[in-house]
Each structure stands twice: as structure tokens, then as C-alpha cells.
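Given the coordinates of chain F, work out where chain W should sit on it, guided by the hints.
2 protein chains.
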Amino acid sequence: MDSPIDPNLGSGSLLIAWQLKDKNVLIVGGGEVASQRVESILVTDAKITILSPAEGLSPRTKRFLELYPDRITYLDRSFTSPDELHNMDMVLTAVDDNDLSLEIVGMCRNARIPVNAADIPDLCDFYFGAQIRDGPLQIMISTNGMGPRLSALIKQKIQGSLTGCEGEAIRKVGELRQLLKVYEPGVGGAAGRKRMKWMTQLCNQWDMEEFASMDEEMMKRIMEEGWAQDRCPFYEEVGGKKKSRTFTAYSPSWSGLLVSSLSFIAGLSVASLLLTRRR
Amino acid sequence: MDSPIDPNLGSGSLLIAWQLKDKNVLIVGGGEVASQRVESILVTDAKITILSPAEGLSPRTKRFLELYPDRITYLDRSFTSPDELHNMDMVLTAVDDNDLSLEIVGMCRNARIPVNAADIPDLCDFYFGAQIRDGPLQIMISTNGMGPRLSALIKQKIQGSLTGCEGEAIRKVGELRQLLKVYEPGVGGAAGRKRMKWMTQLCNQWDMEEFASMDEEMMKRIMEEGWAQDRCPFYEEVGGKKKSRTFTAYSPSWSGLLVSSLSFIAGLSVASLLLTRRR
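Residue numbers (numbering that gives the first Met the number 0), protein chains in the order written: chain F, 0 to 278; chain W, 0 to 278.
Since the hints were derived computationally from the structure, they do not count as laboratory data. Possibly wrong hints are sitting among the right ones.
Repeated chains share a single entry, so a pair holds when one copy, or any two copies, can fit it.
[Unchecked claim] Cross-link-like lysine-lysine pairs, in silico, BS3-like; alpha carbons within 25 Å at most: (1) K241 to K219; (2) K61 to K22; (3) K180 to K46; (4) K20 to K242; (5) K193 to K180; (6) K196 to K242; (7) K219 to K242; (8) K46 to K193.
In isolation and in its complexed conformation, chain F is listed as follows (with noise of 0.2 Å):
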């Protein structure tokens, strides 16, 4: 456990997963940049109040506040007193004036609510990233502020390298980590060190698409003829289908070496045809 330090330390944020379920968020605009927000925001379970005139609704924020009716109060009217902010777990700014935002981080720092201006990056207490989300896998790219649209293109390099089952596969094992803890229960100490190294392990010695295709039966095999027994069984042992993935995993060189191989044989066939002329 004694793992080395990493010197890449300093001048960083710090990127958290923050939790918001049955939280109220504020969110101070309905523009586009609002709306942003409010898309943010939907990805958790918190209770959303907009604050704007509807005159500055943008067509996004317009069309979030019809789907999701029973997830975002609207109030038709500017910030007014520092009484908005009463209850408010956090809250965001999204307005075309300066000294509003300004005055609202004032407010929030005092009530340490934590806050985003959007208008005013050096007071703002979290900045937002670049986001991929498959269920229960979320990933962040943050540049710090330096470079938003390379974070874009970070994302579509990051989305191109994930296989797409990663979130099925996350669920799956957070189920058969559920009923490893019906066989195993205890919260810490030894329990605890057992089901991390055994989950370990298996994380070792399974692929992602091996975990994202177990069901209920083979999780049951798993513990059984795994856990009871004091080991990590293999997929293809507890009832996983081997898969085309093992050919197609190397897929690029076998179309090469079949590329190649026609190309042989079209040489081959000019060659003959050259040939037959000849003769």
C-alpha cells in the first residue's frame, strides 16, 4: 500500500465528486450559458431554482423547464435580496451584469454557500469540465481554465478509447460487491481487506465486457464456486460465453494480413495474366 509519491503536485484543483441528491441548487440567469448549468445540474438529484426574467430565457433553458417540470421551480423575476439565497445549497450566475454577480458572491461567501460566477472565474469556488457520463462512470477534463476548447478535444480522444460497456460493467460489479457483502457481512477490518483483495483480484483477471454481461445466475456461480471456495474463477467457468471479441480484439492485423494476402494473390494474378499474354 505503500505507493510512491507522485511529484506532479501544486497549483492544481481539486477534482471532486460533489453530492447533491435532495440539495437545493440556485441558478441566478436562463441564457445560454444558464442553461449549461442547468444541464449540469440534471445530472444529479438536486431540487433546481432558476431565477430570471422569462425575457431572458434561451430556447434551452426554455425546453429544460418543460421536460423536467418536477425537477426545476422557475421564478419569473431578477435576484432581489439576499433572501434568495435562503436554503440554497449552491449556487450559480449566468447574467450579463458584472456588478450582480459580484454582489451574489459576496452574499454567498458570507452564508458559505458555495458558488459559481460565470462572469468572475477568480472568485468562483469550483469551476465546471468537459463531461462524460455512462451511468454510474462519470469523467471530468478540466484544463484549469486554459484551454476549454482543448478539453473538448481531450473528451472526444478519452470517448474514443472506452469500449462503451464500462458503466454496465461499473453497475454489475456494485451489485456483486452487494452480495459479496451478503456472504461476507462486516463493515472494515478483516471482512472488509477479504472482499478488497478478492475484488481485486477478479478486476484483475476480468475484462470489462465480462463483467458488464453478468446476471444474476452467474454472480450466484461467482460466490459460490469462487468465494465459498476461496478463489477467483475464471469467466468462461462460472457459465461466461467465450466471446468473437478474443478474434476481433486483434482484428486490425488479421485485415492487414488478409489485405496483404490479396495483394500477394492480385500480384500473383498480374503476374499470370502478364504471363498467358506472353505466351
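Only chain W this time, still in chain F's reference frame:
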């Protein structure tokens, strides 16, 4: 700008880049988990206080105390009273005492201080995730607590998809954006939109390696031969050296073509050999 609405909403965390420059972070505990918290916070510029009896310090925590005496204040004692939270902007607990954790979380909640307790996930304001850092580029992978081991595997996959020059590219683009603001000052409005449009086009036209290789002279040429003439210059136009990368970027197809051609020639040769023999 009216981007489509992501249907993948609800039940997630809000992934954010929290700002800790000149903020105070209290870490209660000094064991192995606490040392991971210390490392997470060292990524930022926060001032860290570690509160733990010396006998509870892990080798790794001790190493951090030795390496970063200017960033970490160490208090050799247990948590005693709410006064410990005075002036703190964030609190992380990693102690083998569930009751103490609960108590500290309660105090933080009252004082509205963001808190993470390693042993009580349900009460945390935020979670940590697997992290990748390359200078200004920071990436976090969160499985929302469902598969910590899988996030390590996804981290490896993502690291493999990056070239390693993304951080440098972001840093250089950050410098170019500063320079752009010298040529075209003004916050927001028409100037902001014009700058953004030009930067977006440049980002679509150049790749990461090209941005990473920019020097001061090249940035000046980009501004004078590009921005000043209302166009986006290509990399080679402003002194960028054509890299073997231009070739290797297409290497799968090029090498495929090469192999095919060689095979074609081999086919021809075998045929001509047959032809020669026939004669």
C-alpha cells in the same frame, strides 16, 4: 449554440474542480487513507493541517511531512473540540473511530464546512475519484462508489489514449490566449466572441503535438500572420516543422499500403520466378 439535450440525466454526482488556493484544509488522521488525502490536497495550493497522534502516522504520511514542511502543519494530538475547525475551508477525516467521524461531520455541517469522512460515505459532501494529471490538464474518473477498482482500470485505459503532450499543449494554448487578449482586449461581448471563434477554428486545424511545440516566435507569427490578417494559419506556415508524425499519424493505413505493395511485388516476383523457370 443550441446543443442537444443529454438524456443521460439524474442520480449522478456533480463533478467539479474545487479551488483551494490559499485555503485551509484539515486532515484528521495520519494513516494510509489519510496519506492519500494529503496527496490529493497537495495537488492544489491549499495550506494543510494534519491532526494525528504521532503513533498513528503511516510511513507515507511521514514522508509527506518530511517533503513538504512548508505546506503542511503537523499537530501531534487527537481531535479535541470544535475549535479545531476554526478558519478551516475543508475537512477530511480518515480515522479508525466511527463515532469521532460522525461527530466531526456534524460539526462541519453546522459550520457549513465541506467535509469528507472516509468511513461514512453517505454523509460526505463530496467523494474523491481516480485522478490523472499532466500540468494544467486534470482528469477525474468516478464510479460513484460502485467500483473503485474498475476506475483504476479505466484510468489506465485513458492514460493509454493520451499522447503525453496534452498538458504542454494546454499550457501553450493558455499563453496564446493571453497574447490574443493583448491584440484584442476586452471582456466578453463582441471581442470575446471573435476571439473564441478564432481559437476554436485554430484548435480544429492544429493538433496537440503542434500546439505543444509552439514557441514565443511562433506565437507571434500566429498573431501577425493569422489573427491580424483575419485568418487561421496552418502550422507549417508559421514556422512549424513538418514532423514524421504527419506520416505516422496515418501509419496504420500507410504501413498497410506498404505491406500490401510489398506483398503485391512479392506476388509479382514469385510469378516472374515461375516464369523464368518455365523458360
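So, going through the hints one by one against the coordinates:
When the C-alpha separation of K241 and K219 is checked against a cutoff of 25 Å, the pair qualifies only within one copy, where the shortest distance is 19 Å, while the shortest distance between copies is 57 Å. Proximity of K61 and K22 under a CA criterion of 25 Å is satisfied intra-copy only: 22 Å inside one chain copy versus 38 Å between copies. For the identical chains of this complex, K180 and K46 are neighbours neither inside a copy (32 Å) nor across copies (38 Å), given an alpha-carbon limit of 25 Å. Proximity of K20 to K242 under the C-alpha cut-off of 25 Å is found in neither arrangement, the shortest distances being 39 Å within a copy and 50 Å between copies.
Only within a single protomer do K193 and K180 lie at most 25 Å apart by alpha-carbon distance; the minimum there is 11 Å, versus 57 Å between protomers. Taking identical chains as interchangeable, the C-alpha atoms of K196 and K242 are never at most 25 Å apart, the minima being 27 Å within one chain and 46 Å between chains. For a Cα distance limit of 25 Å, the shortest separation of K219 from K242 inside one copy, 21 Å, qualifies, whereas the shortest one across copies, 54 Å, does not. When the C-alpha separation of K46 and K193 is checked against a cutoff of 25 Å, the pair qualifies neither within a copy, at 39 Å, nor between copies, at 36 Å.
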